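Chain A is fixed; fit chain B onto it per the hints.
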Amino acid sequence: MLTVRNLHARVAGREILRGINLEIMHGEVHAIMGPNGSGKSTLARVLAGHPEYEVTAGEVTFEGEDLLEMDPEERARAGIFLAFQYPVEIPGVNNAYFLKAALNTVRKQRGLEELDAMEFMTLVRERMKQLDMDESLLSRPVNEGFSGGEKKRNEIFQMAVLEPKLGVLDETDSGLDIDALKVVAGGVNAMRNADRAFLVVTHYQRLLNYIVPDQVHVLTEGRIIRSGGKELALELEEKGYGWLEQPVGG
Amino acid sequence: MTTSTETIEQLASREYQHGFITDVEQETIPRGLSEDVVRLISAKKQEPAWLLEWRLQAYRMWLTMKEPTWGNVKFDPIDYQNMIYYAAPKKKPVLQSLDEVDPEIRRTFEKLGIPLDEQKMLSGVAVDAVFDSVSVATTFKEKLGELGIIFCSFSEAVHHHPELVRKYLGTVVPYSDNFYATLNSAVFSDGSFAYIPKGVRCPMELSTYFRINAKDTGQFERTLIIAEDGAYVSYLEGCTAPMRDENQLHAAVVELVALDNATIKYSTVQNWYPGDKDGKGGIYNFVTKRGKCQGVNSKITWTQVETGSAITWKYPGCILQGDNSIGEFYSVATTNNWQQADTGTKMIHLGKNTKSTIVSKGISAGHGQNTYRGLVKIAKGAKGAHNYSQCDSLLIGDRCGAHTFPYLEIKNSTAKVEHEASTSKIGEDQIFYCRQRGLSTEDAVNMIVSGFCKDVFRQLPMEFAVEAQKLLSVSLEGSVG
Chain A
1 MLTVRNLHAR VAGREILRGI NLEIMHGEVH AIMGPNGSGK STLARVLAGH
51 PEYEVTAGEV TFEGEDLLEM DPEERARAGI FLAFQYPVEI PGVNNAYFLK
101 AALNTVRKQR GLEELDAMEF MTLVRERMKQ LDMDESLLSR PVNEGFSGGE
151 KKRNEIFQMA VLEPKLGVLD ETDSGLDIDA LKVVAGGVNA MRNADRAFLV
201 VTHYQRLLNY IVPDQVHVLT EGRIIRSGGK ELALELEEKG YGWLEQPVGG
Chain B
1 MTTSTETIEQ LASREYQHGF ITDVEQETIP RGLSEDVVRL ISAKKQEPAW
51 LLEWRLQAYR MWLTMKEPTW GNVKFDPIDY QNMIYYAAPK KKPVLQSLDE
101 VDPEIRRTFE KLGIPLDEQK MLSGVAVDAV FDSVSVATTF KEKLGELGII
151 FCSFSEAVHH HPELVRKYLG TVVPYSDNFY ATLNSAVFSD GSFAYIPKGV
201 RCPMELSTYF RINAKDTGQF ERTLIIAEDG AYVSYLEGCT APMRDENQLH
251 AAVVELVALD NATIKYSTVQ NWYPGDKDGK GGIYNFVTKR GKCQGVNSKI
301 TWTQVETGSA ITWKYPGCIL QGDNSIGEFY SVATTNNWQQ ADTGTKMIHL
351 GKNTKSTIVS KGISAGHGQN TYRGLVKIAK GAKGAHNYSQ CDSLLIGDRC
401 GAHTFPYLEI KNSTAKVEHE ASTSKIGEDQ IFYCRQRGLS TEDAVNMIVS
451 GFCKDVFRQL PMEFAVEAQK LLSVSLEGSV G
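Chains A and B supply the protein sequences, listed in that same order. All residue numbers for the first sequence refer to the working numbering, where the first residue is 1 and numbers rise by one. All residue numbers for the second sequence refer to the working numbering, where the first residue is 1 and numbers rise by one.
Pulled out of the complex, with its shape left as it was, chain A reads as follows:
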């Protein structure tokens, strides 16, 4: 589904990604772990097409298409969803209105009919229930006045409504208590299927107890220095990132 080759990217003249290689197949869940400042969030944002980041080398294909040629909205419509580490507030814009506009744009791209208000509300209520969310959040402005946990939950809720092919979760676990973490993980797990893939960026292993990855990659100084199965995450938890600072050959 997603192939990343030798990806280099910089922000404000500073090189952050220094040759990322990654292959994600349909149905897989990949976790990206690494110390602070290693480039994890940069990778997530570059995949989503954040305009502040400049790709200086490498290629990325998504479902056979050249991802780097696409605008952020084209990537979103093609099926890439980024759950933001810091969800953005949009004062005065109703959460339901925002999501309905987004959903109908995405549906149009997929050749589906736009949902009317009734159909939309039915879908939305169902998804909110899954994520144990208060319906009052729908009529509030996008992320404004939301607690940290509500914001993160809202991201997963949006993902559940938009049904992307690839969900990129950027430190969705940070700032969540254990109950909220379980709910969020439950939402993600409910969406797992043979066609959909996830890239889960996290600093801690904890989230991976609930969203069990097929592969774990360790990112340090803009490069993936180690890849392995889910047990790699446990090893990291135990030994810390320092253990991997000296790349092991092979």
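Hints were generated in silico from the structure; no laboratory data involved. It cannot be assumed that every hint is accurate.
[Claimed, not checked] Derived pair list, reagent style SDA-like, types lysine to any residue, alpha-carbon separation capped at 20 Å:
#1 K383(B) <-> N412(B)
#2 K470(B) <-> T105(A)
#3 K425(B) <-> E52(A)
#4 K470(B) <-> G92(A)
#5 K454(B) <-> P141(A)
#6 K165(A) <-> A190(A)
#7 K425(B) <-> H50(A)
#8 K454(B) <-> G145(A)
#9 K425(B) <-> Y86(A)
#10 K151(A) <-> G427(B)
#11 K470(B) <-> N94(A)
Since the model is a prediction, treat every value here as computed from it, not as a measurement.
Below, chain B alone, put in the same frame as chain A:
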């Protein structure tokens, strides 16, 4: 990024959508202004002597006045002797129904999406259509007439209800008020008149569409609305204008009078030609609008969405004379490309326990300059007066400007005055967030902007709010790069 920049440039190069010229024969008088011209206008309109005298007093006063220079706007001097002060469609039949309206004019309205007949049937809006200077169609008169409501052109009111016009004309905006209002008083052509009798709630939104059409013709509308004791009226004013290469002056005057327990809501969507993307052409909109809450418990609400004009200079205000009277001002003003706006309000508290609310949202894009200027004056006798002001500015891009000039004059120590202000920039992160959810940059900006303006839009009647939102997005096209 490259792709989106291209799209934005395409959008920016889109022409002003309402820029077309209707081919209707115009009756005009020679250029320039003199006492003879004032007499000629009055004669053409077959006005009574007292009104001619009023115009002449204004004209003589105007000769002694100078244009105000305190506005935060820049423009070349206006040659008042090079303008035409009167134009009317040549055929001026007495109309029994819409079918009698000049087909060319009808087509113009249809191009603007204002089919009068549909409006008449569907929306329950009585439309007094001002085409240039003279009204050519008035609807719903009969129905309103049954309730004793008078809704007609100003000229008609002069002929049929001279006692009302004479009683109230100039009582809120005297002919000596300011340079532009004085000019208007001397040469005003036409406008609307509404009178709501005691205890009557006007059952429909009253609406007028103004349109500037004759080349080089300054527009000098004059509107007067009177709500008697306990009456209620909501009046909508919407404007569009054809594309022109030269600047055109528009100096209107609107006067509102609310007596005891009366309420007047006056809503404007202003979309005159703003000039091209290089700042060439566009309307100068120098308008004096004021309402007087003359009676106790009266209320006047101004709501304006100003998206057009090259230069906007207007301060719809309220004189809160009656005890417990309420004045409100809700405004969205956008400036894109080279537009300039200096707008705000004046709230003059005279009566006891008077209240005023000011919510101003300024949006600047391109090289646009947006100024909020507001006066809150609390007179010595205005015990227990209360004002709340909120002025927010939104900047799009880094070449535009936002300015705020609040003036407070408080002469009574029991007054409570609150002022909040903020300036923010549309964040790249907000736009990216929207785009990541599949929305285009343009849709993202529209969404963020309409969220910003929500407190004002919700004051507008439903159908007007939709139109306002559309205009806002058209006026900001190409503003994000």
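So, going through the hints one by one against the coordinates:
{"no.": "1", "hint": "K383(B) <-> N412(B)", "result": "7 Å, holds"}
{"no.": "2", "hint": "K470(B) <-> T105(A)", "result": "19 Å, holds"}
{"no.": "3", "hint": "K425(B) <-> E52(A)", "result": "17 Å, holds"}
{"no.": "4", "hint": "K470(B) <-> G92(A)", "result": "17 Å, holds"}
{"no.": "5", "hint": "K454(B) <-> P141(A)", "result": "11 Å, holds"}
{"no.": "6", "hint": "K165(A) <-> A190(A)", "result": "14 Å, holds"}
{"no.": "7", "hint": "K425(B) <-> H50(A)", "result": "18 Å, holds"}
{"no.": "8", "hint": "K454(B) <-> G145(A)", "result": "17 Å, holds"}
{"no.": "9", "hint": "K425(B) <-> Y86(A)", "result": "18 Å, holds"}
{"no.": "10", "hint": "K151(A) <-> G427(B)", "result": "18 Å, holds"}
{"no.": "11", "hint": "K470(B) <-> N94(A)", "result": "18 Å, holds"}
In terms of the numbered hints stated before, the structure departs from none.
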